[in-house]
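Which chain is which? The protein sequence lines are A and B, in order.
Heads up, the first sequence is in numbering that gives the first Met the number 0, so the first residue is 0 and it goes up one at a time.
Heads up, the second sequence is in numbering that gives the first Met the number 0, so the first residue is 0 and it goes up one at a time.
Honestly, the hints are just simulated from the structure, not real lab data.
Check before you lean on any hint, since a few could be wrong.
The calculated DSBU-like cross-link candidates involving lysine-lysine, where the alpha carbons are at most 35 Å apart (straight line), are [stated by the list, open to error]:
hint: 1; chain 1: A; residue 1: 65; chain 2: B; residue 2: 72
hint: 2; chain 1: B; residue 1: 72; chain 2: B; residue 2: 86
hint: 3; chain 1: A; residue 1: 100; chain 2: A; residue 2: 1
hint: 4; chain 1: B; residue 1: 86; chain 2: B; residue 2: 117
hint: 5; chain 1: B; residue 1: 85; chain 2: B; residue 2: 117
hint: 6; chain 1: A; residue 1: 8; chain 2: B; residue 2: 72
hint: 7; chain 1: B; residue 1: 23; chain 2: B; residue 2: 85
hint: 8; chain 1: B; residue 1: 117; chain 2: A; residue 2: 100
hint: 9; chain 1: B; residue 1: 72; chain 2: A; residue 2: 1
hint: 10; chain 1: B; residue 1: 117; chain 2: B; residue 2: 72
hint: 11; chain 1: B; residue 1: 86; chain 2: A; residue 2: 8
hint: 12; chain 1: A; residue 1: 1; chain 2: B; residue 2: 23
hint: 13; chain 1: B; residue 1: 106; chain 2: B; residue 2: 117
hint: 14; chain 1: B; residue 1: 72; chain 2: B; residue 2: 85
hint: 15; chain 1: A; residue 1: 100; chain 2: A; residue 2: 8
Simulated restraints, written as ranges between beta carbons of each label pair [claimed, not checked]:
hint: 16; chain 1: B; residue 1: 69; chain 2: A; residue 2: 81; range: 31 to 39 Å
hint: 17; chain 1: B; residue 1: 71; chain 2: A; residue 2: 90; range: 55 to 63 Å
hint: 18; chain 1: B; residue 1: 110; chain 2: A; residue 2: 65; range: 55 to 63 Å
hint: 19; chain 1: A; residue 1: 87; chain 2: B; residue 2: 71; range: 46 to 54 Å
hint: 20; chain 1: B; residue 1: 85; chain 2: A; residue 2: 9; range: 21 to 29 Å
hint: 21; chain 1: A; residue 1: 9; chain 2: B; residue 2: 126; range: 45 to 53 Å
hint: 22; chain 1: A; residue 1: 3; chain 2: B; residue 2: 124; range: 49 to 57 Å
hint: 23; chain 1: B; residue 1: 150; chain 2: A; residue 2: 67; range: 25 to 33 Å
hint: 24; chain 1: A; residue 1: 102; chain 2: B; residue 2: 124; range: 50 to 58 Å
hint: 25; chain 1: B; residue 1: 69; chain 2: A; residue 2: 90; range: 47 to 55 Å
hint: 26; chain 1: B; residue 1: 97; chain 2: A; residue 2: 1; range: 17 to 25 Å
hint: 27; chain 1: B; residue 1: 105; chain 2: A; residue 2: 107; range: 17 to 25 Å
hint: 28; chain 1: B; residue 1: 110; chain 2: A; residue 2: 61; range: 56 to 64 Å
Just so you know, even glycine gets a beta-carbon here, dropped at the ideal spot from N, CA and C.
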Amino acid sequence: MKGMTLIVKRITQLMAPSIFLLGIYVVFHGHLTPGGGFAGGVLIAGSFTLLVLAYGSDEMRSEVRKWRATFFESFGIFIFWFIALLGLIQGSYLFLNIIQKGRPFHLFSAGIIPLCNIAIGIEVAAALFAIFITLAVLRIGEKL
Amino acid sequence: MLMTALILLIVLMILGAIVALESKDLLSGIISLGIVGFALTIIFLILQAPDLAIVQIIIETLTLIILIAAILKTTRTDTEEEFGTKKVFIWLCGFAFIVIFFLAAMKAFQHMPEFGSKTLRMARTYIDSGLSRTGAANLVAAVILDFRGYDTLGEATVLFTSVAGVVAVLRKVGRKRK
Numbered sequence: 000m001k002g003m004t005l006i007v008k009r010i011t012q013l014m015a016p017s018i019f020l021l022g023i024y025v026v027f028h029g030h031l032t033p034g035g036g037f038a039g040g041v042l043i044a045g046s047f048t049l050l051v052l053a054y055g056s057d058e059m060r061s062e063v064r065k066w067r068a069t070f071f072e073s074f075g076i077f078i079f080w081f082i083a084l085l086g087l088i089q090g091s092y093l094f095l096n097i098i099q100k101g102r103p104f105h106l107f108s109a110g111i112i113p114l115c116n117i118a119i120g121i122e123v124a125a126a127l128f129a130i131f132i133t134l135a136v137l138r139i140g141e142k143l
Numbered sequence: 000m001l002m003t004a005l006i007l008l009i010v011l012m013i014l015g016a017i018v019a020l021e022s023k024d025l026l027s028g029i030i031s032l033g034i035v036g037f038a039l040t041i042i043f044l045i046l047q048a049p050d051l052a053i054v055q056i057i058i059e060t061l062t063l064i065i066l067i068a069a070i071l072k073t074t075r076t077d078t079e080e081e082f083g084t085k086k087v088f089i090w091l092c093g094f095a096f097i098v099i100f101f102l103a104a105m106k107a108f109q110h111m112p113e114f115g116s117k118t119l120r121m122a123r124t125y126i127d128s129g130l131s132r133t134g135a136a137n138l139v140a141a142v143i144l145d146f147r148g149y150d151t152l153g154e155a156t157v158l159f160t161s162v163a164g165v166v167a168v169l170r171k172v173g174r175k176r177k
């Protein structure tokens, strides 16, 4: 897949970081505003997908391998299971909210819910991006 | 007013789906398939479900981009339909399915609660005590990550497993280049 024209590349350079930041915002404010781990994760994956589409897979092949999509996917699901199991480790039930809930309507509130959102965000972003680069970028027998 | 807008949007969705099925050009088929997703986004917004609307619009855009990339690389024309006894059989099967579906739906819709009314008693509990028991201002986050945390855990695990399967299968075969 070849890259697109210079106009598309320049606009992508401006847009992709903004989309990435919006995704991070949606993930971090998942317990306050609409959105959450899933929506923010898809936004982050979309920003990376935009970069690969604009610059072409031939140019991005070596870059894509450095981003370690499968590692971050496993990392996200591991963190999520770990947070879920923290309640069991404490001797109570799964998904116990072990952190102080804090004041509502503030960024640091709601206990484990923001942490779960961050874990889901990492996992979904890496998973969708891994599917995309497996379909569009990698060649036969190439490892991710 | 609300019902009129909903019905108009649903008719638009059905028309888009029919165009997507019938068009010979696959690119225009995919674009008219996008009508279904984006009209669904507007429906979610009208029904005051912004969480779902955000996810729907992003997923729709991503899948449209991936499908268009696939179309531009492979072929743009639809394959010819088959004729003869096979086609008659397919038409008969489709007609029988529609008749059975309508009969079952007639039975089922008689017992449906009215549109917009609450069906679950649990919903009232979530709305009343969600903020005080979880501390999350967004009630959707409170439900999916606290009250129904097991579901989200299973969903994330399913996503992880499916992506692991996709990567494992496609890495061996891969795409044929040159």
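We went through each hint and held it up to the structure:
1. A distance of roughly 26 Å separates the Cα atoms of residue 65 of chain A and residue 72 of chain B; the hinted pair therefore holds under the 35 Å criterion.
2. Using a Cα cut-off of 35 Å, the hinted pair residue 72 of chain B and residue 86 of chain B holds, with the two alpha carbons roughly 30 Å apart.
3. This hinted pair does not check out: residue 100 of chain A and residue 1 of chain A have alpha carbons roughly 50 Å apart, beyond 35 Å.
4. For the suggested pair residue 86 of chain B and residue 117 of chain B, the alpha carbons sit about 45 Å apart, so the restraint of at most 35 Å is broken.
5. For the suggested pair residue 85 of chain B and residue 117 of chain B, the alpha carbons sit about 46 Å apart, so the restraint of at most 35 Å is broken.
6. For the proposed pair residue 8 of chain A and residue 72 of chain B, the alpha carbon gap of about 20 Å is at most 35 Å, so the pair holds.
7. Taking the CA atoms of residue 23 of chain B and residue 85 of chain B, the gap is near 21 Å; set against the 35 Å cutoff, the hint holds.
8. Proposed proximity of residue 117 of chain B and residue 100 of chain A is supported: the alpha carbons are some 29 Å apart, at most 35 Å.
9. Under the criterion of a C-alpha separation no larger than 35 Å, the hint pairing residue 72 of chain B with residue 1 of chain A is consistent with the structure, at around 11 Å.
10. A threshold of 35 Å between alpha carbons decides the hint, and for residue 117 of chain B with residue 72 of chain B the separation of about 48 Å lies outside it, so the pair is violated.
11. Distance check on the hinted pair: residue 86 of chain B and residue 8 of chain A sit about 48 Å apart at the alpha-carbon level, beyond 35 Å; violated.
12. Taken as a hint, the residue 1 of chain A and residue 23 of chain B pair is honoured in the structure, with Cα atoms around 27 Å apart against an allowance of 35 Å.
13. Of the supplied pair hints, the one linking residue 106 of chain B and residue 117 of chain B holds, its CA atoms being roughly 21 Å apart against a limit of 35 Å.
14. This hinted pair checks out: residue 72 of chain B and residue 85 of chain B have alpha carbons roughly 31 Å apart, not beyond 35 Å.
15. This hinted pair does not check out: residue 100 of chain A and residue 8 of chain A have alpha carbons roughly 44 Å apart, beyond 35 Å.
16. Against the hinted window of 31 to 39 Å, the Cβ-Cβ separation of residue 69 of chain B and residue 81 of chain A comes to about 37 Å, which satisfies the hint.
17. A hinted range of 55 to 63 Å holds for the C-beta pair residue 71 of chain B and residue 90 of chain A, which are about 57 Å apart.
18. Roughly 57 Å separates the CB atoms of residue 110 of chain B and residue 65 of chain A, a value that falls within the hinted 55 to 63 Å.
19. The given range of 46 to 54 Å is respected by residue 87 of chain A and residue 71 of chain B, whose C-beta atoms sit roughly 50 Å from each other.
20. Range check, residue 85 of chain B to residue 9 of chain A: about 53 Å between beta-carbon atoms, so the 21 to 29 Å window is missed.
21. Restraint check, residue 9 of chain A to residue 126 of chain B: a C-beta distance of roughly 47 Å satisfies the suggested window 45 to 53 Å.
22. Range check, residue 3 of chain A to residue 124 of chain B: Cβ separation about 52 Å, and the 49 to 57 Å hint holds.
23. One distance hint, 25 to 33 Å for the beta-carbon pair residue 150 of chain B and residue 67 of chain A, holds here, with the actual separation near 29 Å.
24. For the pair residue 102 of chain A and residue 124 of chain B, the supplied restraint of 50 to 58 Å is violated, since their beta-carbon distance comes to about 23 Å.
25. Checking the proposed 47 to 55 Å range against residue 69 of chain B and residue 90 of chain A shows it holds: the Cβ atoms sit about 51 Å from each other.
26. The hint said 17 to 25 Å for the Cβ distance between residue 97 of chain B and residue 1 of chain A, and at roughly 46 Å that hint is violated.
27. In this structure, residue 105 of chain B and residue 107 of chain A break the distance hint of 17 to 25 Å, their C-beta atoms being roughly 53 Å apart.
28. Taking 56 to 64 Å as the suggested C-beta distance range, the pair residue 110 of chain B and residue 61 of chain A conforms, at roughly 60 Å.
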